[in-house]
Amino acid sequence: MNSVETVNDILVNLFNEIMDIEERALITSEYKDISVKDMHVIEAVGIGNPRNMSAVAKSLSVTVGTLTIAMNNLVKKGYVNRVRSEEDRRVVLVSLSEKGEQAYHHHRIFHERMVMSVLKDLNKEETESLTAALIKLQEFFRNYRTE
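Those letters in the sequence shown? Residues 1 to 147, per our numbering, in order.
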């Protein structure tokens with residue numbers, strides 16, 4: 001197998017494995033009422049100041065309409081709070097409830113463990129090379145999406 005085939009095989013399998021493992025790691029008995037996509041919405045809402053729906057939708061690369069459907073479910077399940085802005089009643093602000101913050105931290109810990117397992121045995125140069133390669137991959141996907 002040449003390098004192109006090897007890298008392709010690794011990327012395809014890695015993507016599938018990450019999705020499978022992430023689902024099994026994140027959707028525990030405590031969080032069985034939400035999906036991995038819901039976890040990513042929770043991550044996009046984040047901890048701290050409430051965010052407007054447009055900003056969250058943009059960070060997820062989805063429409064506000066698509067996000068509204070996901071938010072309705074997360075509000076109903078108690079993970080997200082939704083309020084109208086005091087300054088502009090047309091603006092909807094979302095923030096995580098206590099339950100949502102717990103899910104957020106659960107998701108964060110999974111990602112931290114994943115990253116640390118990759119980086120733990122790499123030296124500085126290897127870490128920099130891996131980072132540069134992943135940035136190029138990210139740029140490819142971002143540019144491909146806009147073509």
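Everything labelled a hint here was simulated from the structure, so no lab data went into it. Nothing here was measured: the structure is a model prediction, and the numbers come from that model. Treat the hints loosely; a few may be bogus.
Claimed, not checked - Simulated DEER-style distance windows between Cβ atoms:
{"#": "1", "residue 1": "I18", "residue 2": "D88", "range": "36 to 42 Å"}
{"#": "2", "residue 1": "Y144", "residue 2": "K58", "range": "16 to 22 Å"}
{"#": "3", "residue 1": "E125", "residue 2": "I47", "range": "42 to 48 Å"}
{"#": "4", "residue 1": "G65", "residue 2": "E30", "range": "25 to 31 Å"}
{"#": "5", "residue 1": "S129", "residue 2": "T63", "range": "33 to 39 Å"}
{"#": "6", "residue 1": "T68", "residue 2": "I135", "range": "31 to 37 Å"}
{"#": "7", "residue 1": "S97", "residue 2": "D121", "range": "37 to 43 Å"}
{"#": "8", "residue 1": "N13", "residue 2": "A132", "range": "20 to 26 Å"}
{"#": "9", "residue 1": "T63", "residue 2": "N143", "range": "46 to 52 Å"}
Note that beta-carbon positions come from the ideal geometry of N, C-alpha and C, so glycine has one too.
Hint check results:
1. Range check, I18 to D88: about 39 Å between beta-carbon atoms, so the 36 to 42 Å window is met.
2. A C-beta distance of roughly 18 Å is found between Y144 and K58, which places it inside the suggested range of 16 to 22 Å.
3. The supplied range of 42 to 48 Å is broken by E125 and I47, whose beta-carbon atoms lie about 34 Å from each other.
4. Distance hint for G65 and E30: a CB-CB separation of about 30 Å, consistent with the stated range 25 to 31 Å.
5. Our hint of 33 to 39 Å for S129 and T63 holds, since their Cβ atoms are close to 37 Å apart.
6. The hint said 31 to 37 Å for the Cβ distance between T68 and I135, and at roughly 32 Å that hint holds.
7. Judged by the Cβ atoms, the range 37 to 43 Å given for S97 and D121 holds: they are separated by roughly 39 Å.
8. Between N13 and A132 the beta carbon distance is about 22 Å. The supplied range of 20 to 26 Å therefore holds.
9. Checked against the hint of 46 to 52 Å, the pair T63 and N143 fails, with Cβ atoms roughly 21 Å apart.
Hints 3, 9, counting from the list given before, are not met by this structure.
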